[in-house]
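*Asks:* Using the sequences and the hints, build the whole thing.
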Amino acid sequence: MIMPKIRVRVDEDLCIGAASCVTIAPETFQLNEDNKAWVLDHGEEPGGSTYERWLEVTEDEKENILLGAQSCPTLAIFIYEEDGTQIFPEM
Amino acid sequence: MRYVIVGGGVAGTTAAEELRKLDPESEITLICEEQHPLYSRVLLGVYVQGKVPRERTFLKKESWYEEKKIEWLRGVHVDALDTQNKFVALSDGRELSYDKLLISSGKEVRTVEYDQRGVMYFRTIDDADHIIQLLAEQGKDACGGIYGGGFIACEFLNIYEAHNIRTVLTFRGEHFWNSNLLPEAGELLLNHFRSKGVDVIAHAELKGLVGDKELEGFVTEQGEHPCTMLGIGVGILSDFSWLEEAGVKIGVGVKADKFLQTSVADVYVAGDISEFEDVYVGREMNVGTWLNAIMQGRVVAKNMTGEPTVFELVSSYAMNVLGIDIIFVGDVAKSEADDVHLVGSVRSGGVTQVFERGGRVVGGVMINRNTDRKVITDAVKSGMPVSDVLNKINT
Chain A
182 MIMPKIRVRV
192 DEDLCIGAAS
202 CVTIAPETFQ
212 LNEDNKAWVL
222 DHGEEPGGST
232 YERWLEVTED
242 EKENILLGAQ
252 SCPTLAIFIY
262 EEDGTQIFPE
272 M
Chain B
25 MRYVIVGGGV
35 AGTTAAEELR
45 KLDPESEITL
55 ICEEQHPLYS
65 RVLLGVYVQG
75 KVPRERTFLK
85 KESWYEEKKI
95 EWLRGVHVDA
105 LDTQNKFVAL
115 SDGRELSYDK
125 LLISSGKEVR
135 TVEYDQRGVM
145 YFRTIDDADH
155 IIQLLAEQGK
165 DACGGIYGGG
175 FIACEFLNIY
185 EAHNIRTVLT
195 FRGEHFWNSN
205 LLPEAGELLL
215 NHFRSKGVDV
225 IAHAELKGLV
235 GDKELEGFVT
245 EQGEHPCTML
255 GIGVGILSDF
265 SWLEEAGVKI
275 GVGVKADKFL
285 QTSVADVYVA
295 GDISEFEDVY
305 VGREMNVGTW
315 LNAIMQGRVV
325 AKNMTGEPTV
335 FELVSSYAMN
345 VLGIDIIFVG
355 DVAKSEADDV
365 HLVGSVRSGG
375 VTQVFERGGR
385 VVGGVMINRN
395 TDRKVITDAV
405 KSGMPVSDVL
415 NKINT
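Heads up: the sequence lines are chains A and B, in that order.
For the first sequence, the numbering used here begins at 182 and goes up steadily by one.
For the second sequence, the numbering used here begins at 25 and goes up steadily by one.
Honestly, the hints are just simulated from the structure, not real lab data.
Do not take every clue at face value.
[To be verified] Derived pair list, reagent style EDC-like, types lysine to aspartate or glutamate, alpha-carbon separation capped at 20 Å: (1) B:K45 / A:E193; (2) B:K398 / A:D241; (3) B:K84 / A:E244; (4) B:K416 / A:E271; (5) B:K45 / A:E271; (6) A:K186 / A:D241.
[To be verified] Covered, in the sense of this in silico footprint (three residues per stretch, anywhere, with C-beta under 8 Å from a C-beta of chain B), are these stretches of chain A: (7) 196-204; (8) 254-267.
The beta-carbon is built from N, C-alpha and C at its ideal position, and this holds for glycine as well.
*Replies:* Below is the structure:
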């Protein structure tokens, strides 16, 4: 099965710790000591904590991460396709 | 199936979106009092601070409603509900029938009895535009007053700071959030505001305004406080009259069970206006947060389409005010707690309050202790013993 690859980025200046992404997609987002969301890879942090990383996900996982991004009240979560196209927020 | 949604904020719009997914062939009507497509109230403060452009606050485009085949009625509100014949009467004279009705009409600002150009409220994007207009007009001559001791007062503190405006802060109680905070937490916050140059006046009751055409100040028992702008944040309220007349059970909000179903068949509720059975904290809660509204919007849509789904969420609200992080999690009403435990201190610069009821942790307030958030959120969910939670966050 070919897994879609996406890049997920949290804009740390915009993130206010509303925790909607964490509630919807806890495997991908977790709040840190600054009350901002790190991006996780299936609950893990290979290479350390970061606000941006590539993820290999199933279609269902991708859909859920998108829902997490859509639920952010400050639109602080950006999602890109493998070819670099921004899929959220829609341009 | 015909769904009618009263209120186009985040709860109602999320429900509409979810209903469209779950029931592609249904008719969906969204009744909105405001003229704008969905925007983020959470972003309005950042917009007024000048950190994001106005268009960034919108979460839906005007074309979205049509794309999703959602009938979008703007600038109207509901005057009456007939639960027998299942229709709502709109302010423009129309009557809309429904199979399932969602009440998500939110809350409005509580106003004070005095008014003058320069008096500001902060709830809608129109309010935000009004503040920006005043800021632009007044420029360097602006002098900021605040009346209130909650999250809206915090928004005004941030706005004034971002525009380098001298600030006098007045509120009625001993400190901020008098029904939630212990004296130590209150003191920590006020010390912080003072350290940022804010003139802080507690136990203040607004007695009047100064100025003829333009605002020149406001009056409390403590005296006259010069200002050219006065931000008011004294709470929110709902108009329940049309619901009460229809026989819908009302408490501090529209009463609902854990499925967000009201006391009347086929009538549901979501968002700020709901008073729902909170399965985690074990009492009925009325919560006015983004997270609660969006999650209730998703869950209520499932229940409206006949997929029984319990609403389960540890709600939270977080804000950074003048550089200090404040987080509320779960049930933070002092009056409802058996005990409120204090961790940290004013001296250490961080305080956490743990709310206990019936031997369980039901909520927490964190000021500059962000890492306690996860422990407390998990504890509210899992029912972890209070002593374990205190041990965990004390280390």
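*Asks:* Each hint: holds or not?
*Replies:* Hint check:
For a cut-off of 20 Å, the pair hint linking B:K45 to A:E193 is broken: about 31 Å separates their Cα positions. For a cut-off of 20 Å, the pair hint linking B:K398 to A:D241 is broken: about 26 Å separates their Cα positions. Our distance criterion of 20 Å between C-alpha atoms is met by B:K84 and A:E244, whose separation comes to about 18 Å. Straight-line distance between C-alpha atoms of B:K416 and A:E271 comes to about 42 Å, which puts the hinted pair past the 20 Å bound.
The straight-line distance between the Cα atoms of B:K45 and A:E271 is roughly 19 Å, inside the 20 Å bound, and the hint therefore holds. Taking the CA atoms of A:K186 and A:D241, the gap is about 13 Å. The hint holds against a cut of 20 Å. Under a criterion of three residues with beta carbons nearer than 8 Å to beta carbons of chain B, the stated coverage of the segment 196-204 of chain A is upheld, 6 such residues being counted. Note: the segment 254-267 of chain A has 3 residues with beta-carbon separation from chain B under 8 Å; the three-residue rule is met and the coverage holds.
Hint compliance for this structure: hints 1, 2 and 4 are broken, all remaining hints hold.
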